[in-house]
Amino acid sequence: MRAGDDMHPMLQRIMQIHVAEEARHIGFAHQYLQHHAPKLKRRDRAALSVIVPVIMKWLCNEILVPSKQAQRDMGIPDAVMKDLYWDAPESEKFLRDLFGDVRMLAEETGLLNPVSRRLWRALGIDGRSSRFRSQPASAAA
Amino acid sequence: MAYVVTQSCCADASCVIACPVNCIHPAPGEPGFAEAEMLYVDATACVGCGACATACPVDAIKPDTVLTPDEQPFVAINADYFDCFPHPVRTPLSVVAKQRRLTRRGPFRVAVVGAGPAGLYTADELLKHPEVSVDVYDRLPTPYGLVRAGVAPDHHHTKRVEKLFRAIEEQPGFRYFLGVEIGRDLTLADLEAQYDAVVYSVGASADRSLGIEGEQLPGSLSATDLVGWYNGHPDKVDLDVPLDGTSGRAVVVGNGNVALDVARILALDPAALEHTDIAALPWAALCRSNVREVVVLGRRGPADAAFTLPELVGLAGLAESGAIDVVVDTGGAPPPTGTRKLEVLAELAARPARPARPAAAPGVRRIVLRFHTTPVRIAGDDRVRAVEVVRDGTTEVIEADLVLRAIGYHGRPVADLPYDAATGTVPHVDGRVRPGLYVAGWVKRGPTGFIGTNKSCAEGTVAAILDDLDAGLPTPVGSLASIASVVAGRCPAYVDLAGWRAIDAEERRRGERRSRPRAKIVDVDEMARVARAGTTPTPRRGYPSLRRLVRGFDGRT
Ligand SMILES: Cc1cc2nc3c(=O)[nH]c(=O)nc-3n(C[C@H](O)[C@H](O)[C@H](O)COP(=O)(O)OP(=O)(O)OC[C@H]3O[C@@H](n4cnc5c(N)ncnc54)[C@H](O)[C@@H]3O)c2cc1C
Ligand SMILES: NC(=O)c1ccc[n+]([C@@H]2O[C@H](COP(=O)([O-])OP(=O)(O)OC[C@H]3O[C@@H](n4cnc5c(N)ncnc54)[C@H](OP(=O)(O)O)[C@@H]3O)[C@@H](O)[C@H]2O)c1
Ligand code: SF4
Ligand code: SF4
Chain A
1 MRAGDDMHPM LQRIMQIHVA EEARHIGFAH QYLQHHAPKL KRRDRAALSV
51 IVPVIMKWLC NEILVPSKQA QRDMGIPDAV MKDLYWDAPE SEKFLRDLFG
101 DVRMLAEETG LLNPVSRRLW RALGIDGRSS RFRSQPASAA A
Chain B
142 MAYVVTQSCC ADASCVIACP VNCIHPAPGE PGFAEAEMLY VDATACVGCG
192 ACATACPVDA IKPDTVLTPD EQPFVAINAD YFDCFPHPVR TPLSVVAKQR
242 RLTRRGPFRV AVVGAGPAGL YTADELLKHP EVSVDVYDRL PTPYGLVRAG
292 VAPDHHHTKR VEKLFRAIEE QPGFRYFLGV EIGRDLTLAD LEAQYDAVVY
342 SVGASADRSL GIEGEQLPGS LSATDLVGWY NGHPDKVDLD VPLDGTSGRA
392 VVVGNGNVAL DVARILALDP AALEHTDIAA LPWAALCRSN VREVVVLGRR
442 GPADAAFTLP ELVGLAGLAE SGAIDVVVDT GGAPPPTGTR KLEVLAELAA
492 RPARPARPAA APGVRRIVLR FHTTPVRIAG DDRVRAVEVV RDGTTEVIEA
542 DLVLRAIGYH GRPVADLPYD AATGTVPHVD GRVRPGLYVA GWVKRGPTGF
592 IGTNKSCAEG TVAAILDDLD AGLPTPVGSL ASIASVVAGR CPAYVDLAGW
642 RAIDAEERRR GERRSRPRAK IVDVDEMARV ARAGTTPTPR RGYPSLRRLV
692 RGFDGRT
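Protein chains in written order, with the working numbering: chain A, 1 to 141; chain B, 142 to 698.
Worth flagging that the hints you see were computed from the coordinates, not collected in a lab.
Cβ coordinates follow ideal geometry from the N, Cα and C atoms, glycine included.
There may be inaccurate statements among the hints.
Stated by the list, open to error - Result set (DSSO-like, lysine-lysine): computed pairs, CA atoms no more than 30 Å apart in a straight line:
#1 A:Lys41 to B:Lys304
#2 B:Lys269 to A:Lys57
#3 B:Lys482 to B:Lys377
Stated by the list, open to error - Residues from chain A that keep clear of chain B, each with C-beta distances beyond 10 Å, as calculated:
#4 Gln16
#5 Ile26
#6 Ile63
#7 Gln71
#8 Pro77
#9 Arg96
#10 Arg117
#11 Ala141
Extracted from the complex, chain B is given alone in its bound form:
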């Protein structure tokens, strides 16, 4: 029995360390790791011990005996990799360097701004050093960044990474200041005065624009906004999403993984999303949706499609099971072959297309993966009516009421930090903006890569921090307690770890009633209220504890 890496792999490489025979590759440090869409198990070397599966934060690794039909293609995908890259020279175990220790005694305090994957991996890496304590800030009362507000609701395996984040939060030396926006409630100068080092991991929250006529019309939205809307991001709850148009069609521009996420959410039967953590009102809106066809436009050909193979295989599985009808439209040209991704596309293209016009087709909705097509104008009077596109020099009009640009995220300038407008990132060397000030995650690398990519990214940044702590940085003022009172002064409603646990518990409780993993609270004030109510101590029992009877007070409060 061999184990197999499947769709949800986010390339964090925990499994590599767990494997007793070093048969999972590419490993960090090996060529190809930085670009890898996923990792692969060498079935000929695997002894089937299952250690990797215990290490995987997103349950991506499974024994080949329990794969669902949708997951079967991953057996060949894992094998393919080793056909191309056999990694003939392997150490018996993946080598883990001895942990580096600080040469100065500390204690040191580090502030991390942004509680997304990059921020939490940075905190985790720092907390391996008993000399260091970490305070993590986020502008929202809820942490986890795009894992909460980006990852598609139907990717429930991926959401399990929350369990790892919980383990990171539980470590001694970790504190949360949630609901505190750096640049508004506190400034960089405030942080630098009180911490030995400050790390920004604020992500890339804006979208890129197409720069074509009609982009500002109502009904033309960015995927960034739509993703935040269906995931219950408090800034996006009021988004106006016209799903009731008469054309029954939505157009998605760009064909990266975000484009596929958005297309899937629009095309899936809402019943399939009922038991996910999708936000309540958007789900209700999707239930009433008229959209019957989602056209995903790629300006280049299938060979240059930006979505990854694991995600395409996931979509093909939905097509196979009949949940979504998928059509591949290359404009008459036979779909190219040569890579496994192209083969999966060709298989999809060879499937018999369902007849009937989109608006009339009952039941199953359709995703059209259309290639070599560039949008040139969005047409409409007071709102979007159609998209004008060009393929091979011919102009065509696609009727649609909703146009979503999924052409990549883009970092906004961060208050008090330098900014490179071209890449939307903060200029840095190895994560260091200057000694004492660092970046990690999308604000450092730009908006590409998976959740686990941020782990190696954070490790790089932490190495720079340790270098500088060893070399000596100015000693900050204050103490852990004084910092907490400064934050409380500026932001009385801030949420700490206990508060976030209270919100989390309440969301799960509300979700349970409707057999959902959680029912998200989308209002910031309500979040703060739940956090406060959950952390004010209430007697756990109806009778006084023994301690209270003996000592006259309860040690817990």
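Isolated chain A (complex conformation):
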């Protein structure tokens, strides 16, 4: 939708409503977290800082990567799967860009520290934080 591509009008309408609804949830969630994060205890914050990237990456895989069953049904070769999810340089970049907003939130809530940063990198979801929600990532990001 961002690129202004032609889409079936019904699909477009559904996506439009979905995006607007999600934006409200995300908006609420961000504010809630920013409000409550400063109250975290040191230990809890440290624990969260390493749990968050792991959970986010796992969720991302759950949502984006087709299941083994689906892979078989669609007849996608293993090598292609490997490239797409997340080995090829384009996929790596796509993955990192997906997390720009989450990195921003993690930064704002004090969940980025030297240890967790390394974890983000090991999971392949490091990079620059967005400056604001849904800022398009640049080639250099």
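Using the hints provided, position chain B with the ligands relative to the given structure of chain A.
Showing chain B with the ligands alone in chain A's frame:
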């Protein structure tokens, strides 16, 4: 709950991209964007997600539930826009073109001359390309151009754009060479030899003159100088501003936003400015000021007033709260109506004027917005005593000790660049002076527009640079390291990013003691000293680090 765009909007359109329902207009590329005084939220489409507010660099967007009384008029102002321009055909999201990529491999180096908004937006746009690195030069040890030395101290929301500038500076590939004047310390030829491309974004630093008798008298100043003075521009610290005159009146010629800025600073109770970043000595001078009335002269009528609606609404808010007394003087003619700006003026005109002569009136000071009035002569012997003005063919004398011309900025000729004397700009096509040499910001467009206007301006210039890099430009000599040593050779006291961070931190530290956002350092030598002291490494802890114990040295130094 809908969100509302308020006074500080600087039209950079970050919010447009953030909005998930594309309800903020006019968007870049839409008709009216280039002339827009601000952007507007369509309350009927807004879903209240707040994404726009996170994107706004100047905190201009707020939920309608938290608006202060002064900001309430903006609800109607936002709605007005969509009554006139409903934008019935909208894409679901504002369309962002896929980022263009360079076809040649690079690496490329670009020099940006002038660290004002235009220079920093140019750097930001270039640094979206991993092949490009950018060196930003400024003649002052402090960056941000008119955001630091122009924007009025009481516009603290607007100053928050500094946070965006900090994010731009933090990007890999960005370097500062501050305190280096191009044309004096280095020439264009020096830069062209070492960079693939050079962009000038040096602004428009001079003022225009009225061309009337008496303009040279002491006490007749340009708003350009006064603005630099109260904002702590190092070139303007010694300005002689006669605020102790017996007439108790200052006259401002012209009624653009700069005229309103100047009038407000002169008319506000100094206590209201105490917790801003206004420079210390000017503030002390304002505390002793005798000025009780500031007359702002517009040569045309209210319908042609040059100030923008958001700024007028801001002034009306001050009048409403009793901080300043505002009088609208149209010379007896009933104030015209028809646009919201005229309505706000008419409401101001309908307010009961406070009695008493200016010099005798205690407390609240007054701004008179006077229309259809042209100055013809500034009178005085050894200094300004009065201004002779003409309205409807009748000549009148307004007693005043201070006359400020706020009739626009004007670009000076830039060393080594062509110059168009009429507009005070550098002749260019789409930002290109010639392949390899470009302009952006006020030196390109002339002295109009808001901070954010420079963003679209910079994008245009960068498109031309990318075209030329793709087409092929001569390969420069040297390397990033050799450039740094050339600059250090010519200008040993130059300030880099770490140095600017040190100055910034020191100013904030000094400000904190007096609960101000910052206490500006106004002396160039002191700035350089603070920068040097702040960047020479001092041990952070009182005990050696683990690394030092193990390896025998500290990796940080
Ligand atoms: C008084 C005033 C108040 C304003 N208030 C607002 C506001 O509240 N909101 C808003 O949206 N807009 C405001 N504006 C408009 C806004 O400031 C301008 O649109 C913007 O600053 C122009 O950017 P620029 O980068 O082209 O020029 P500038 O900001 O002037 O930057 C030019 C830079 O180049 C440097 N330079 C000059 N010559 C050389 C040289 N030879 N070598 C190296 N460096 C050099 C200068 O030191 C300066 O830092 C205001 C303007 C003025 C004059
Ligand atoms: N958002 C903000 O807070 C803010 C603050 C400051 C500046 N800015 C922007 O910065 C830009 C520059 O502002 P500006 O105030 O310097 O310029 P401006 O808006 O162009 O205003 C110049 C004023 O001077 C008058 N004038 C010009 N020549 C004159 C003459 N010979 N005699 C008498 N009057 C004369 C003009 O009147 P005529 O209209 O009759 O020519 C006009 O009123 C503007 O785009 C402004 O919006 C924005
Ligand atoms: S609150 Fe959300 S929907 Fe409303 S204008 Fe802002 S970004 Fe758009
Ligand atoms: S300043 Fe920029 S982001 Fe903020 S409201 Fe104006 S256009 Fe939108």
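Structure-based check of all given hints:
no.	hint	verdict
1	A:Lys41 to B:Lys304	28 Å, holds
2	B:Lys269 to A:Lys57	26 Å, holds
3	B:Lys482 to B:Lys377	34 Å, violated
4	Gln16	4 Å, violated
5	Ile26	7 Å, violated
6	Ile63	19 Å, holds
7	Gln71	29 Å, holds
8	Pro77	28 Å, holds
9	Arg96	13 Å, holds
10	Arg117	15 Å, holds
11	Ala141	8 Å, violated
Checked against the numbered hints given earlier, this structure breaks hints 3, 4, 5, 11; the rest are met.
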